[in-house]
Amino acid sequence: MAGYRLCRVKTAENPFFLENINTNIYSIEELCYFFVGNVPLIDASVMNNRLTAWVAAELELPRLALKMEHALTRKNSIIEFVSAAFQEIGYLNQNELTHYAENLKAFLDLPAPLRMKLKGDSLCRVGKYMAASRVYRQIIDEADDIGFKGAFLGAVWHNRGVAEMKLMLFDEGLSSFRKSMEMRPIRRHVMSYVEALGITKPKEKYDEEIVRLRKFLSELSEETDFDENVIDEAEEILRVARSGIEVDIPADIYTYVQDLADEYHAATGA
Numbered sequence: 274m275a276g277y278r279l280c281r282v283k284t285a286e287n288p289f290f291l292e293n294i295n296t297n298i299y300s301i302e303e304l305c306y307f308f309v310g311n312v313p314l315i316d317a318s319v320m321n322n323r324l325t326a327w328v329a330a331e332l333e334l335p336r337l338a339l340k341m342e343h344a345l346t347r348k349n350s351i352i353e354f355v356s357a358a359f360q361e362i363g364y365l366n367q368n369e370l371t372h373y374a375e376n377l378k379a380f381l382d383l384p385a386p387l388r389m390k391l392k393g394d395s396l397c398r399v400g401k402y403m404a405a406s407r408v409y410r411q412i413i414d415e416a417d418d419i420g421f422k423g424a425f426l427g428a429v430w431h432n433r434g435v436a437e438m439k440l441m442l443f444d445e446g447l448s449s450f451r452k453s454m455e456m457r458p459i460r461r462h463v464m465s466y467v468e469a470l471g472i473t474k475p476k477e478k479y480d481e482e483i484v485r486l487r488k489f490l491s492e493l494s495e496e497t498d499f500d501e502n503v504i505d506e507a508e509e510i511l512r513v514a515r516s517g518i519e520v521d522i523p524a525d526i527y528t529y530v531q532d533l534a535d536e537y538h539a540a541t542g543a
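Each residue of the sequence shown is one higher than the one before, counting from 274 in this note's numbering.
Note that these hints are calculated values from the structure, not bench results. We put the CB at the ideal spot given by N, CA and C, even for glycine. It is possible that part of the hints are untrue.
Here are the computed lysine to aspartate or glutamate pairs in the DMTMM-like style, where the Cα-Cα straight-line distance is at most 25 Å [stated by the list, open to error]:
(1) K476 / D444
(2) K283 / E361
(3) K340 / E369
(4) K378 / E333
(5) K401 / E361
(6) K348 / E361
(7) K452 / D505
(8) K439 / D414
(9) K348 / E375
(10) K401 / E369
(11) K439 / E482
(12) K476 / E506
(13) K439 / D480
(14) K348 / D316
(15) K378 / D316
(16) K348 / E286
(17) K439 / E492
(18) K401 / D444
(19) K283 / E331
(20) K340 / D394
(21) K476 / E415
(22) K439 / E508
(23) K401 / D316
(24) K378 / E331
(25) K283 / E369
(26) K452 / D394
(27) K452 / E509
(28) K452 / E492
Pair by pair, the computed Cβ-Cβ distance ranges are [said to hold, decoys possible]:
(29) R388 / R323: 40 to 46 Å
(30) A317 / E415: 17 to 23 Å
(31) L391 / E333: 19 to 25 Å
(32) R460 / F380: 24 to 30 Å
(33) D414 / P475: 54 to 60 Å
(34) E369 / I413: 33 to 39 Å
(35) N368 / L345: 24 to 30 Å
(36) M403 / A317: 14 to 20 Å
(37) H343 / R388: 20 to 26 Å
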């Protein structure tokens, strides 16, 4: 969405900031585009009186603003709220609108923890890794109270690890990947853990952890989606990734990664 502005309808002089995707929008078309592609991110940060005031003043659509304000007062108002925007400019035809409403209702009918995970996944997709990490952390913190199954929590821990690695929180990311693998030892989780080990641990420590990992995997039941070669495959990915990097990186990548992370956190305050 960044870098593109649709201009078939009036554009605003002052944009509306979509917090969840860190993007300014200038038209009702761009708002509709957001609604279509980011269902899990339609929350109070966009469904509010600040948006309706912007629609009325900047887009000069007071009747639409009133419809959206009315939707805000009603229970389960999301479908009514977004449909008002779609119908204002015919953004979706009737079949598309019906299909969208069905999908939105299906999302809203999901258990709250799953909706939260999908929100975290969507935040990751648009590069909002810190916000995604907070969402995953909330799910995990509430796990004991709700009694989540290990398979679901394993996926949450894994995606939290992805967000943390993107933020260069390498130790935290490695810990999350390990937790995901222990809770749900599937191929994807094992591969992520091995790859994270390769960029967070010096060679001696890495080798020790790989020995422990092989022992752990050998003790699992045979009902897994990977074979004994999964670690070798992950190590090959690491080898190829390292050889493809064109900057000068020491043989022991650990020092390089830690220095890079320190520079990042010093620059961002993260």
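Does E492 sit within 25 Å of K439, going by the straight-line distance between their CA atoms? violated, 31 Å
Between R460 and F380, does the beta-carbon spacing fit 24 to 30 Å? holds, 28 Å
Given the hinted pair K401 and D444, is their Cα-Cα distance within 25 Å? Holds. K401 to D444 sits at ~19 Å (cutoff 25 Å).
Consistency of beta-carbon spacing, R388 to H343, with hint 20 to 26 Å: holds, 24 Å
Straight-line Cα separation of K452 and D394 no greater than 25 Å? holds, 18 Å
Assess, step by step, whether the Cα of K348 is no farther than 25 Å from the Cα of E361, and give holds or violated. holds, 22 Å
For the pair E369 and I413, does the Cβ-Cβ distance stay inside 33 to 39 Å? For I413 against E369, whose Cβ atoms are near 37 Å apart, the range 33 to 39 Å holds.
Could you grab the alpha-carbon distance between K439 and E482 and see if it respects the 25 Å cut-off? holds, 22 Å
Please verify whether K439 and E508 have alpha carbons no more than 25 Å apart. holds, 20 Å
Mind checking the alpha carbons of K439 and D480 for me, to see if they're no more than 25 Å apart? holds, 24 Å
Is it true that the CA of K283 sits at most 25 Å from the CA of E369? With Cα atoms ~24 Å apart, K283 and E369 stay inside 25 Å; holds.
Holds or violated: K378 and E333, Cα atoms, limit 25 Å. Violated, because 30 Å separates the two Cα atoms, which is more than 25 Å.
Hint violations for this structure: numbers 4, 5, 10, 16, 17, 20, 21, 24, 29, 31, 33, all remaining hints satisfied.
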